[in-house]
Every structure is written in C-alpha cells, then in structure tokens.
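The whole structure should be built from the sequences, with the hints applied where relevant.
This is what each chain is made of:
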Amino acid sequence: MSSMFSKAAQERIPGIIARYPEKRAALLPLLWLAQEEQGYVSEEAMKEIAGLLNLTPPQVYEAVTFYTMYNRRPIGKYHIQVCRSLMCALVGMENLLGWIHDKVGIKVGQTTPDGLFTLSQVECLASCGTGPMMQVNDDYYERLTQDKVNRILDDLKRDGKCPLATGPFMFPELTAK
Amino acid sequence: MATHEPLLLKNMSQPGYTGSLADYERTGGYQALKKVLGKIPPAEIIEMVKKSGLRGRGGAGFPTGVKWSFIPKDHPGPRYLICNADESEPGTFKDRQLMERDPHQMLEGMIIAAYAISAHTAYIYIRGEFVLGARILERALEEAYQAGYLGSNILGTGFALDIYVHRGAGAYICGEETALLESLEGKRGLPRTKPPFPATHGLFQKPTVVNNVETLANVPHIVNRGPEWFASTGNPLKSTGTRVFCMSGHVKRPGNYEVPMGIPFREMIYDIAGGMRGDKPLKAFIPGGASAAFLTPAHLDVTLDFESVAQAGSMLGSGGITVMEEGTCMVWAAENLLYFFNHESCGKCTPCREGSPWLLQILSRIEHGKGKMDDLATLLRLCGNIAGRTVCAFGDAEIAPITSTLRHFRDEYEAHVREQRCPFRPQPAPELITVGH
Chain V
0 MSSMFSKAAQ
10 ERIPGIIARY
20 PEKRAALLPL
30 LWLAQEEQGY
40 VSEEAMKEIA
50 GLLNLTPPQV
60 YEAVTFYTMY
70 NRRPIGKYHI
80 QVCRSLMCAL
90 VGMENLLGWI
100 HDKVGIKVGQ
110 TTPDGLFTLS
120 QVECLASCGT
130 GPMMQVNDDY
140 YERLTQDKVN
150 RILDDLKRDG
160 KCPLATGPFM
170 FPELTAK
Chain R
0 MATHEPLLLK
10 NMSQPGYTGS
20 LADYERTGGY
30 QALKKVLGKI
40 PPAEIIEMVK
50 KSGLRGRGGA
60 GFPTGVKWSF
70 IPKDHPGPRY
80 LICNADESEP
90 GTFKDRQLME
100 RDPHQMLEGM
110 IIAAYAISAH
120 TAYIYIRGEF
130 VLGARILERA
140 LEEAYQAGYL
150 GSNILGTGFA
160 LDIYVHRGAG
170 AYICGEETAL
180 LESLEGKRGL
190 PRTKPPFPAT
200 HGLFQKPTVV
210 NNVETLANVP
220 HIVNRGPEWF
230 ASTGNPLKST
240 GTRVFCMSGH
250 VKRPGNYEVP
260 MGIPFREMIY
270 DIAGGMRGDK
280 PLKAFIPGGA
290 SAAFLTPAHL
300 DVTLDFESVA
310 QAGSMLGSGG
320 ITVMEEGTCM
330 VWAAENLLYF
340 FNHESCGKCT
350 PCREGSPWLL
360 QILSRIEHGK
370 GKMDDLATLL
380 RLCGNIAGRT
390 VCAFGDAEIA
400 PITSTLRHFR
410 DEYEAHVREQ
420 RCPFRPQPAP
430 ELITVGH
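Line order of the protein sequences matches chains V and R. Numbering follows numbering that gives the first Met the number 0, with no gaps: position 37 of the first sequence is 36. Numbering follows numbering that gives the first Met the number 0, with no gaps: position 17 of the second sequence is 16.
It should be emphasised that the hints constitute simulated quantities derived from the structure, not laboratory data. Treat each hint with caution, since some may be false.
[To be verified] Taking lysine to aspartate or glutamate and the DMTMM-like style, the derived pairs with C-alpha atoms no more than 25 Å apart in a straight line are:
no. : chain 1 : residue 1 : chain 2 : residue 2
1   : R       : K186      : V       : D137
2   : V       : K102      : V       : E61
3   : R       : K186      : V       : D146
4   : R       : K186      : V       : E42
5   : V       : K22       : R       : D300
6   : R       : K205      : V       : E21
7   : R       : K279      : R       : D300
8   : R       : K193      : V       : E61
9   : R       : K186      : V       : E47
10  : V       : K76       : V       : D137
11  : R       : K186      : V       : D101
12  : V       : K160      : R       : D161
13  : V       : K22       : R       : E184
14  : R       : K251      : V       : E10
15  : R       : K279      : V       : E93
16  : R       : K347      : V       : E61
17  : R       : K347      : R       : D395
18  : R       : K237      : R       : E43
19  : V       : K6        : R       : D300
20  : V       : K160      : V       : D137
21  : V       : K22       : R       : E306
22  : R       : K237      : R       : E306
23  : R       : K251      : V       : D146
24  : R       : K186      : V       : E21
25  : V       : K106      : V       : E93
26  : V       : K22       : R       : D161
Here the structure is a predicted model, which means the values were calculated and not measured.
Below is the structure:
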C-alpha cells in the first residue's frame, strides 16, 4: 500500500514516535503531520496512522472527531477563524464578520467559490486584550479594523502572506522611552 | 500611577530583548539551574518552593511545592513533568506572552522542577492554535540542548532530561490536567475520575506533575532570590508573588500587567488599565477567566488575591479580568459564555453534557425575546443539578456566569421576559451559529 505521507514526512515519523514510551501518544502529532500534508485528515490518513500506531481505525477516528482543529474534509487555502468568545464580542467581533463578508462575500461556514478562503467562528484564541481578532492558517491578526482586514485578505490573495501577522506576542507593546 | 516592579515580564520589558538564549543568559538566565543541579538535593528544592508559598497560576491556585511533594519518593519507574501551555480560558492571554517573549525563563523553571521530582522526560502541552509559540519553544529547546542545559548529562552533573513540545488540537477541556493527560496519551480529552491523582497515576499511569507556564516561570526567581524573599512579596498571607493579569473588555488600556497579588480591582481597572473606555460607568467584571462568577462595582475594593476574590463569591482563577461597561447586556454576556461552555463540554458526565445545551437554549430564548418568567427558576434548578455533580470543575465553571448574573442582575432577566426583547440592543442579536465539521 502506498503511503499518503510524502517521503520527507515519512522520515519524520520514527522520530515523533520515539518521543513517547507508548506509541499511541504520537497520535495527535501524526494527525498534525497528515493535515500539514493534505490540508485535512482523510480517512486514508486515519487508517494509515492507525496502522503505524497499532490502533484500530475507530480509535483514531474518535480522537479526530473530538478535536476541532482537524479538518475532515478539504477547506479553502486560507482558513479564517474569527474568535467569537465574550471578550472579542465585547469589542466588535460582529463587525469583523461583516468586514470579511464585505470583502470576500462569505459567511461563517462558507468557502469562496475560488477555494481561497473558508470562514469559521471559533472559541477564545487567547488574544482577549487585542480583539477583534482572527487567525488565518498559522498566523494571528489582532486589533482589527476594516482597513486592516481588507489589506490582509488582499495580501494573502496576492502574496500568500501578510506583514500584519502578529510576531512574538506582547501587549501592551513596549513604548520608546 | 503606582509602579510595580515586574518579575516575570522584566526581561521582555527591556528594549531589544529577543528571548534568545544569549539574551536570557545576559540577564542572569540559567544561574538558578547552576545553583541547584548537583548542589542542592531535590527534596530541598521542594521545601524551598513550599516555603515560597508559590501557588498554581493556571486557575486552581494549588500550592506548587505541595504538589511536587506528592510524587512518591520511592517509585522505581519513570515519572513525568508536564508544562500546561493549553491556555484556553476565555479572558486569558499571559502564557502566550511568557512563552513567546521569554521561553527560556519557563524552560529553566521546567528543568529545576524536573530535577526536584526526578523526572527525566517532560512535555510542553501547548494549545494547537499557538503555532508561533510552538516554533519559538522548539528553537529555544534546540538552544538549550546545544548549551548543555538539556540532554543526557546536564552541565556535567549526570542529571538527564528531555523536553518535547506536544501540540493540542482545539479542545478547551484539555487544560484540565487529567484531560490533558488523556489527550497526551492520544485519546479524546476526557477528564479522569480522581483519585487516583496524577501525582501517583498520571501520564501513562506514572507519577506526574502538571504545572502551568507562569507557575514554572516563577521557579528560577525563587531559587535566585530565595523563598523568604518570594514569600514576602504579594499578599504574604496566602497569595505570594506577582501575577500577570490579563485585562480585556471595555478598558482604555487592555493587555498583560504584572502586579503583586493583593492590590485592589479599583487600582487594576482604573489606574493600571487606564479606566473605562469612553469614561462610561463600570457595570460588571469577571475577575478570573470565563469560569469565574461576575462581580460588580460594589466589589472594586476586593483585592486581587486568591482568598479575597473567593470571599467575594468568585475566584481569581486564571488571572483574566474582563471589564464590561454600562449598557452591556448581562443576559447576552451569559448566553455568549454558555455558547462557549456548551461547545466545549466534553460529554463525559451527564449533568454537564445534557445541562449545557439546555442552559444555552433557555438563555437564548430569553435574550431573543421569547423567555418566560418560569425560565429563571428553571435556570437555577438546572445549575443546582450540575454543581458538584461532574468529574471535573467544568460543571461548576459553566454555571458561574448564570448564577452570578442572576444574583446581581435579576431585574435584567425579568425585563427581557417582560418586554419580550433585549432592552439593550436596538436590533435583535444575530442568532449564534453552530459550526459543524
């Protein structure tokens, strides 16, 4: 059977399993690896991981369905996740959803027809002092305004990245003395 | 404004500080480890931490040294240290800053803690969304291995320790320590029944200590400056040291602020966080993350320490303080939080699994103008059937927003029912959307 993992990924697997005294503990890291490879965790990937860790496919499936970050079907290239928890809701989460809709025309749960953007609402992302905020793929974007949102989505579409992504986090930021 | 000297945020408050190993060493980093390894017996380190009065910064406030002392001394097999970096309590964003801006401070604390409990393997369980944080920690670990602070023979003392970063994947409950253990073992993150406690039957059923990021970051300072010094800071009675409080909501200057425990909320909100946005009156605040009961302006002189906040009927919890101005609808706020709790209920215990959707349904009904006066009694009855009837603290947490807003703002609930609308919103609030997979 051919593997769904690329050669480079396959080479990382033994090292990941070796971090734990019991193979099963490598489940979450291997699911992450699969998602990195395909953008989601396919049933083929779940079966293959079950084989690698001496688990049954249902043991893998029951874990996958417990954690919200594993996608079980392909999604847009850029996954926009807007925090909806109270702290962000107090400072304009609803506006943020409107700005995103104005810009790319999608509501929560939808993907743009070109397959670029998928919009989700998620729970607290630990960015409560800098809301409203969103995570797009790996990056956080905070203290959002409509202008910033427009720029971020333009940049992502054009360049695949945006310099407005938050670096190592500190807030309030240091002010020059 | 009173200034408070930071301890944990001190390095990162220096312009140009990058959090690299070289930067950390330049500020005295890893001196505590050198003082300890091979020189002070593990049991003495535990005594030191006990004497410092350090209590867990994750939410429960359990004395750290006591937790360490529960690890059986004579256990022959492996034991584990876990750093809980699953920071997911709504309102809390301090661990993210501590890890991303000064990762070695936490790592040094971890190495000392592992030495104290004789663990040779440690894991950092970091929430899946913190991709940047995980990368920064991986880089810091590499630096620490290269410098001989980690590995099979640390600083030539013969002590061995490996630390691995383990990413979660989106589940609030995995911040609960036994759910974290299940998750780390590759299972659904369902809390375990206790006893047995992790100290004897933890990760892979071996003795295990789970400590929060901020808790561990304090450890090098206790070693460097002495437990007596630490015990004299903060509120020396039972809440020693500083805490990094996370200010969010309707304040002028939200953000992370490190202050000695024991200052009043009034100073925190009106002085340090700059007061209310637009100078509107304060209506309510949550003192310690979404799991903590709402407090009101009548509680502004309560002090920020574990006992005082508990006495006021809430908890200091995770240190996330969320401030709400006049005009904020308390039913809407409770509904928002219950949406969160309903989403995150793991499903193990019946009262919580079945109770949280019911609570959310009733709150939504009231907020959207379809409530009945009977609903208020039903809410309280349901809350009473959840409190204390679940395996973990989640059940008590999810009812806190409801019981406390009903206690302090019952008239608002009644107004919603009487007027069959939310008196605070010109238009009805959008229905909350459940996003499935």
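Hints versus structure:
This hinted pair checks out: K186 (chain R) and D137 (chain V) have alpha carbons roughly 24 Å apart, not beyond 25 Å. A hinted pair counts as satisfied when its Cα atoms are at most 25 Å apart, and K102 (chain V) with E61 (chain V) does not qualify at roughly 37 Å. Distance hint between K186 (chain R) and D146 (chain V) is unfulfilled; the C-alpha atoms sit about 42 Å from each other, more than 25 Å. With a C-alpha separation of about 17 Å, the suggested pair K186 (chain R) and E42 (chain V) falls inside the 25 Å cut-off, and the hint holds.
Taking the CA atoms of K22 (chain V) and D300 (chain R), the gap is near 52 Å; set against the 25 Å cutoff, the hint is violated. This hinted pair checks out: K205 (chain R) and E21 (chain V) have alpha carbons roughly 12 Å apart, not beyond 25 Å. For the proposed pair K279 (chain R) and D300 (chain R), the alpha carbon gap of about 19 Å is at most 25 Å, so the pair holds. Only pairs whose Cα atoms come within 25 Å are accepted, and K193 (chain R) paired with E61 (chain V) is accepted, the gap being roughly 23 Å.
Annotation: proposed proximity of K186 (chain R) to E47 (chain V) holds, straight-line Cα distance about 17 Å (limit 25 Å). Taken as a hint, the K76 (chain V) and D137 (chain V) pair is honoured in the structure, with Cα atoms around 12 Å apart against an allowance of 25 Å. Straight-line distance between C-alpha atoms of K186 (chain R) and D101 (chain V) comes to about 40 Å, which puts the hinted pair past the 25 Å bound. At most 25 Å may separate the alpha-carbon atoms for a hinted pair to count; K160 (chain V) and D161 (chain R) exceed this at roughly 34 Å.
A distance of roughly 9 Å separates the Cα atoms of K22 (chain V) and E184 (chain R); the hinted pair therefore holds under the 25 Å criterion. Restraint check: the Cα-Cα separation between K251 (chain R) and E10 (chain V) comes to about 51 Å, which exceeds 25 Å; the hinted pair is violated. At roughly 21 Å between alpha-carbon atoms, K279 (chain R) and E93 (chain V) fall within 25 Å of each other, so this suggested pair holds. Distance restraint check for K347 (chain R) and E61 (chain V): the Cα-Cα separation of roughly 14 Å lies within the 25 Å cut-off, and the hinted pair is therefore satisfied.
Simply put, K347 (chain R) and D395 (chain R) have alpha-carbon atoms about 15 Å apart, close enough for the 25 Å limit, and the pair holds. Simply put, K237 (chain R) and E43 (chain R) have alpha-carbon atoms about 21 Å apart, close enough for the 25 Å limit, and the pair holds. About 62 Å separates the Cα atoms of K6 (chain V) and D300 (chain R), which puts this hinted pair outside 25 Å; it is violated. A threshold of 25 Å between alpha carbons decides the hint, and for K160 (chain V) with D137 (chain V) the separation of about 11 Å falls inside it, so the pair holds.
Restraint check: the Cα-Cα separation between K22 (chain V) and E306 (chain R) comes to about 43 Å, which exceeds 25 Å; the hinted pair is violated. For the proposed pair K237 (chain R) and E306 (chain R), the alpha carbon gap of about 8 Å is at most 25 Å, so the pair holds. Taking the CA atoms of K251 (chain R) and D146 (chain V), the gap is about 22 Å. The hint holds against a cut of 25 Å. About 12 Å separates the Cα atoms of K186 (chain R) and E21 (chain V), which keeps this hinted pair within 25 Å; it holds.
Only pairs whose Cα atoms come within 25 Å are accepted, and K106 (chain V) paired with E93 (chain V) is accepted, the gap being roughly 11 Å. Of the supplied pair hints, the one linking K22 (chain V) and D161 (chain R) holds, its CA atoms being roughly 17 Å apart against a limit of 25 Å.
Of the hints listed earlier, those the structure fails to meet are numbers 2, 3, 5, 11, 12, 14, 19 and 21, in rising order.
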